[in-house]
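Participant: Residue numbers (my numbering), protein chains in the order written: chain A, 12 to 416; chain B, 11 to 263.
Treat the hints as calculated values from the structure; they're not laboratory data. Just so you know, even glycine gets a beta-carbon here, dropped at the ideal spot from N, CA and C. Just so you know, nobody snuck in bad clues.
Rough simulated footprint, nothing fancy, chain A against chain B, three-plus residues with beta-carbon under 8 Å:
1) 61-72
2) 85-97
3) 112-118
4) 123-131
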Amino acid sequence: MIIDSFILSLKNLKHRGIRSWLTLLGIFIGVTAVVSLISLGNGLQLAVSSQFGISSTELITVEAGGITGAGPPGSGAVNPLTTKELDAIEKISSVKRATRRNIAAGKLEYNDRVVFGYAASVPSGDDRKFIYEQLGKGAVEGRLLKDSDVGKVFLGYNFYVNKVGLDKEIISGKKVLINDKEFEVVGILEKQGSFIFDNVVYMNEKDMIDLFDLGDKVDIIAVQPVDKNEMDKTKADIERVLRRIRNVKEGEEDFVVSTPEASLASINGILAGVKAFIVIVAFISIFIGALGIVNTMTTSVLERKGEIGIMKSIGARNEHIFMQFFIEAGLLGLLGGLVGALLGTLLGVLGTQGINSFIGADLKPNIDFMLIFFSLIGSFLIGALAGIIPAMRASKQNPVDALRG
Amino acid sequence: MKEGENIIIELKNVYKHYHMGENLVRAVDGVSLKVMEGEFVAIMGPSGSGKSTCMNLVGSLDVPTKGRIFLDGDDISTLSESDLAQIRGKKIGFIFQSFNLIPNLTAKENIMIPMMFQGEDVYIRENKAEELLKLVELADRGNHYPNELSGGQRQRVAIARALANDPEVILADEPTGNLDTKTGHIVMEFLEKLNHEGRTIIMVTHDPDLAQAHADIVYWLKDGKIEKTTKKKNGWSKTGKEKLRELKEERRK
Ligand SMILES: Nc1ncnc2c1ncn2[C@@H]1O[C@H](COP(=O)(O)OP(=O)(O)O)[C@@H](O)[C@H]1O
Ligand SMILES: [Mg+2]
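Take these sequences, add in the hints, and give me the full structure.
Facilitator: Put into structure tokens, the structure is as follows:
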């Protein structure tokens, strides 16, 4: 009986006008939002988390800023960190290693074309090894820098694949002008999957200090704790030391010490907010969609009064009539959901591609077949639920009244 | 009562009244009649005399305000709505003036629907529908939608649909009312044929010639009351009675 009702309902749907299809817009929009959010949302999360690259698992970062309000790294915060803080942090017992990192905005010229971007310093000695380990990968072309290199740089992957706005890709052996000073390219860092690394020019700390006239200014202090599981304790130690050196009270810090967990948590917090918003929008549209289905089904019960009478005159029981309208409503919902799931998936794929080309990452859209399956089941149920009252009205229709029209 | 003649439908002092605002409409006003198995009955009367209301009561589509209706010996007022639907679908085939096919379904699908409600297997439905299409000489129109068929063809599809569950009784409410004389004649021939096969036919019409030409017995209705009853001189058609007996024996097996 159910299969028969399905077939009958499908036949009726086939003959429905544009008006009915328009009422599916709500469900359609809702499902599109949910599916695209999820197939993209996880991508977004990956994209954002990947920005933490080096520091994501083992490093505590220290930057100037905080309540005094400072810009991004390299923008010249009011009271920058210096090697004095670096040395002090290095002496803390819970700190295994503190590494100076400088990041500066600059201009790069190659083949008569100019691009603006960031240069990052690479420390020497043991710290260099450590940083390279963190980068995880070696050179895809040429080599990385050594302590003895002067006037040399290696470049992020996007220079190699010509995604930084130059008219030509760069390989090792070429010369580039950085802030009008000539540097030799020794190699290309393997792809990291984020523009934070792939769009950057890397040079030895000494060259960096000279070129940008940094003196003892430090942009970021990358701290490796003795015990990875004691991040928070190390963080507290650093904060205590820095408050003393910089002479600030607790709660008025002009520096920020971030542990990877905290950073990820704040990113996830923002993402959760965005998601919650989209989910609310989705639920509202689905609710409106359900009302739309109630409305079309009620109309079609009235329009098909005669048909109900005929059905009853040829032996339809109330359950038959109920089932037919109930399933028809469910199928309406399912259709909205189907289109929504398809479009949502498409948006997820396109969005991921958008993110990829924007930040130079290499993310895959998160196509979750369970999600699609459940959103289809859900759409059917929402439609069917919306159809219950109209279907009950249809089934209770007096056949004689129905036949008289 | 003659031997072997069963009452298939009986109306005992049946009333159907409607309230239209302040007015009371006595659509059926104290009708009693018996329909024998295998009979061709005509209910005759002018428009508004209560013929359709009578028909709907007989077909258990409607319940009387007062009085009792028996179908195959069962008092239909004691049956549940669901049982009524089941019985209606199984024992009665309706034919309407305006054909009443379901527009979204093809001719063949229309014929299959009553069998669906009886829970017949889909293969049986298909075969039976094709058989019935052949019977009403529309074998090549099975996949046509009602709006692609002429009035006469639609009514033949409706006849085929009425026959789908092999009912004992055919109720035809002005079956030729929307047809021209010639196609109306074809439809009447089908009804005659069904009667000759032993089926009970109750036909509503306002056309006295049609009633007298085909029916064994004619009830003349006026203002919801039976005004007079006329019978064909030679009673039932012989062939009909003989066929009926054969049919019964076959069923007994
Ligand atoms: N549902 C109803 N509500 C009110 N009046 C009705 C209803 N059904 C039938 N009638 C009235 O009952 C009378 C008989 O109707 P009907 O049985 O359709 O007559 P006929 O079929 O002989 O033309 C008419 O006056 C009609 O208006
Ligand atoms: Mg009538």
